[in-house]
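Following the hints, position chains Y, A and F against chain W.
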Amino acid sequence: MNCAAIKQKLAASGAESVIETEYARKGFALDVQVAPEHLVAAVSVLDAEGFFIEAVTGVDWLGEQAALRKETEAKAAAEAKVKAEAAAAAGEEAPAVAVHAEQGELPEDVLEAVYDFNHYEYLCRVTIRTRMVRSKPEVPTISQIYPGANWHERETHDFFGIIFVGHPYLVPLLLPEDADYHPLLKDFRP
Amino acid sequence: MIDYLREIISGTWSLFVGLGITIRYFFQPVVTVQYPHETLPMTPRFRGHIELVKDEETGEPKCIVCGMCQKACPSNCITVNGEKREGVKGKVLTEYTLDFTKCSLCGLCVESCTPKAITFSKDYNLAGVRKEAYIFDLKKRLEAKN
Amino acid sequence: MSAFAESEAKETFVLNLGPQHPATHGVLRVKLTMDGEYIVEAEPVLGYIHRMHEKMGENRTWAQFLPNTGRMDYLHALAFNHGYVSVVERAAGIEVPERAEYLRVITSELNRVSSHLLWFGAFILDLGGFSPLLYAFDDREHILDLLESVTGSRLTYCYFRFGGVYNDIDGDFVVGARAFIKRLRGRMPMYHNLVTKNIILMKRLREVGPISAEMCRKYGATGPVCRGSGINFDVRKHEPYSIYPEMDFEVPVYEQCDSMARYMVRMDEIEQSLRIVEQALDKLPEGPVMADKVPKIIKPPKGDYYHAVETARGSFGVRVVSDGSNTPYRLKLRSPTYSNLSLYGEACQGMLLPDALALMGSLDLVIPEIDR
Amino acid sequence: MYVDPEIIRLLAFLIGVIAFAALNAAYLVWLERKEAAHIQRRIGPKEVGPFGLFQPLVDGIKLMTKQLIVPAGVDPVLFKIAPILVMVPAIMSFVTIPFSDTLVARNLDIGLLAIFAFASVNVLGLLLGAWGSRNKYAVISAARVVSQNVAYEIPMLVTVVTLVMISGTMNLSKIVGLQMGGFWHWNIFNFSASPLMPVAFLIFFVCMLAETNRAPFDMAEAESELVAGAFTEYSGMGFGVFFMGEYANIVIGASVATILFLGGWDCPFGLFPGVHWFLIKMYFLIFTVIWIRWTYPRTTFYGLLNLSWKILIPISFVNLILTSAMLKVF
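Chain order of the listed sequences is W, Y, A and F. Just so we're on the same page, the working numbering is the position in the first sequence counted from 1, plus 10. Just so we're on the same page, the working numbering is the position in the second sequence counted from 1, plus 24. Just so we're on the same page, the working numbering is the position in the third sequence counted from 1, plus 198. Just so we're on the same page, the working numbering is the position in the fourth sequence counted from 1, plus 393.
Just chain W, with the same shape it has in the complex:
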């Protein structure tokens, strides 16, 4: 069994994308993007292959969409500028390409849950990412597959407010029992 075979199995389980990364550069071998509804299937594949769970965590991508839009706008503006310059150089009237900002509502920013798995026998660290919108951060729990995920999910819930649907005991673990804040969210202000 090697990483390539795992990659195929994961792709077959409904993962959105499975990228083989450069281990020496990144520190993990497979970068898997999964929709929340396919998470359990992907994790079951790893469980069947004998992987152990290393960690579950989250990343808050607040402001990512705005940054992305800015980037595309900058790109579009740059392109337009290049075109205009080319046209000017050719002595033509600049084409009336108005660089207008997309006025549409920004898509909502996402929270990302990151699962790290590793194998005791061979080197293949698999990182599974699943994204959910910030207003409804729900992913299914994997604690029925890996009991060890129980605490990791509780911790992630503490820090990010991600709700692991079906988790048996989703109360704060590291934070006080009555904590209703999620400190690792980027818009958290103490």
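FYI, nobody ran anything at the bench for these hints, they're computed from the structure. Errors might be hidden in some of the hints.
[Said to hold, decoys possible] Facing chain A, according to a computed beta carbon distance under 10 Å, are these residues of chain W, among others:
| id | residue |
| --- | --- |
| 1 | 37 |
| 2 | 41 |
| 3 | 45 |
| 4 | 60 |
| 5 | 120 |
| 6 | 128 |
| 7 | 143 |
[Unchecked claim] Beta-carbon label-pair distances, calculated as ranges:
| id | chain 1 | residue 1 | chain 2 | residue 2 | range |
| --- | --- | --- | --- | --- | --- |
| 8 | A | 400 | F | 469 | 41 to 49 Å |
| 9 | W | 132 | F | 547 | 55 to 63 Å |
| 10 | W | 33 | A | 446 | 47 to 55 Å |
| 11 | W | 101 | A | 490 | 37 to 45 Å |
| 12 | F | 558 | A | 218 | 46 to 54 Å |
| 13 | F | 547 | A | 405 | 21 to 29 Å |
For every residue, glycine included, the Cβ atom is placed at its ideal position computed from N, Cα and C.
Frame of chain W, contents of chains Y, A and F only:
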């Protein structure tokens, strides 16, 4: 039955071996140091709280008020202030305070200091009853030392 | 039998073990539901010294987080240093001079020995034997002196830097380290005679606290806990980092799955660590201990990076997400004991209180590292 | 007014015995600390007086001046009576112990029986104290104490019965009297009665450790499991009296072992028998008790019950049968 007896005998023997070891140590000299009465030498790299270094020629602090230590400090416990004075190149140090209540003695400030104007002291017997006693005015300390 | 079982299941009571209890070595609380002295259910309650290191990391520059790493696992601080600097070096593409890597391995292996010695003493203390603790402290003190002469501190080291180490060693350290290796090798038979072969200890640890290999996998247990269950997993061999591939050492693995197996793994690891230190001292190359081209302000390129190291308690992994700025965007610290402790609730079901405490001791808990 | 000199003698002895017990308790703490320290290559108490010799006095003053806290929810009567119930029987036992052929308060014909009768009350004290504390750790500890003592009195008494058969008396002075004249007359080396006598001594010694709740059988107090076990809720002199009771029990255990097996006040070489030999042997045994405590880890209580029922009781019965057979034959 044989195993039973063997276990009893080997078990009892292991207990006597243990007693032999402890009684040997009983008669060996002690290894502890009676701290307030005697002390061990400090290692030269001991990281105490920081101290200003004075320039041997002028007797003034070597500090050039670049503020690197202040920026390097993870817990923001250093405050450096200086002013321009006529006839002197660069800035002159007017204030150097270390809030030792926050300091974690990591030494990043000493490393970041290009003119090597701060160093670690060897003070470790620090005790006090008030928090304010640990907001050190290092400039004053240096002057007091002179 | 059945009538007895029925009547006994009813009367249970809750025993709060901790947050202040002699056996929990810090502020861990375990809520035990007990039936007499049998444990029906155990629920560890964490977070009494939670300091949110991950948030602190997001508010500091990459270099400013360095002192924090030594304050998570205060017993094997250098390995945590190592994990963090390695991941940042990997992210920023910093080459480390060979001598610096040797120094990192030497110091962090010595630190591993000191951690195991302290664990040994504390574990026997949990089992009620007091003197081995102080014998172990006697040896450990020598390591602390050695490491203090290099790093300047005795416990919460902050010695590694991006691109090298903070200070070079001197001749005295080499001589001292060799003398210490000789000394500890001479002391190990004493430990085994006094403790390992003691019939009382054997009776308390053999076949007590079984943790199966499957359970280790499901809970993500690493380090001596999984090696005591017959799993040959050591990050130093599994995904070699630093100069470990050049070192000749073995990974002790025991198949018995009981507390004794975990005890033996750690005792054997002391010897293996001494071997590594010895070889590294022999091969120690000359050269700088700090890379030349380390930028003052580190800005790793965008992306996320992972690096795992083997600490005295298992695999410590750091995941950093960089957005290209001078502070980490996200810093995830995967501490080994957190996973190791999470299996405690299942492992000690149906055990007697003294055995459950022996099991807890054999997991080698360091609470600040669990709570982070 | 006529006063029976016997009463004055008894009163003097009583005061002497109480002083002896208290002094012993105080200085055994000092000995324990000093011995533990040197085993661990430390110095131990050294600041108060030469070699820290006044440390027990200072400790005593500290304990006495501390407030006696009776926590809310405890049974006040049981809570207060328990330390006394541990201390008094220990002192009572001293009455019948012969320190030399003349130094004995009351030479009872059933002295041995009296000592074991008093020793059993000690358990009751611990049990009541633990129960009265209304503390979960203490209650677990109480259960352990009882099961431990039930298990250990059997091999101990069987061993003692063996000795009574050999001596033919329960009078402690007479038992010692039969062993006079050098160490080859002592019961521990009495191979003509039974070849297992040294083993019997070991059994008696182990049972004595268990009876007095000393390590490695200190399950009742197991500080890494039960915090302080039965004493968790006690403070000040309540705790102090418990402690004195414990040490007094150790002194009695060592004395009885000396009398039964090591020939009491007899000199090993048949020269100058007297109270000094008794004290030397007794303190050597106490030294060993402390030495053992600082060497071994603690057993679990099921390990202890296994040891008792599977090893000590069978061997002590074998010894009993062997002795009776040998007595019958020879």
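Going down the list of hints, with the structure as the test:
Annotation: interface hint on residue 37 (chain W) holds; nearest CB of chain A at approximately 3 Å, less than 10 Å. The restraint placing residue 41 (chain W) at the interface with chain A holds, with a minimum CB-CB distance near 9 Å, inside the 10 Å limit. Annotation: interface hint on residue 45 (chain W) violated; nearest CB of chain A at approximately 20 Å, more than 10 Å. Contact between residue 60 (chain W) and chain A, as hinted, is supported at the beta carbon level, the nearest pair being about 7 Å apart and thus within 10 Å.
Hint on residue 120 (chain W) is violated. Least Cβ distance to chain A is approximately 14 Å, over the 10 Å limit. Annotation: residue 128 (chain W) was flagged as interfacial toward chain A, and the flag holds, the nearest CB pair being 8 Å apart, inside 10 Å. The restraint placing residue 143 (chain W) at the interface with chain A is violated, with a minimum CB-CB distance near 18 Å, outside the 10 Å limit. Between residue 400 (chain A) and residue 469 (chain F) the C-beta distance comes to about 45 Å, which sits within the given range of 41 to 49 Å.
Between residue 132 (chain W) and residue 547 (chain F) the CB atoms are about 59 Å apart, so this pair conforms to the stated range of 55 to 63 Å. At roughly 24 Å, the beta-carbon separation of residue 33 (chain W) and residue 446 (chain A) lies outside the given 47 to 55 Å, and the hint is violated. Between residue 101 (chain W) and residue 490 (chain A) the beta carbon distance is about 53 Å. The supplied range of 37 to 45 Å is therefore violated. About 53 Å separates the C-beta atoms of residue 558 (chain F) and residue 218 (chain A), a value consistent with the hinted range of 46 to 54 Å.
Residue 547 (chain F) and residue 405 (chain A) have their C-beta atoms about 27 Å apart, which keeps the hinted 21 to 29 Å range intact.
Violated hints, in rising order: 3, 5, 7, 10, 11; the structure is consistent with all others.
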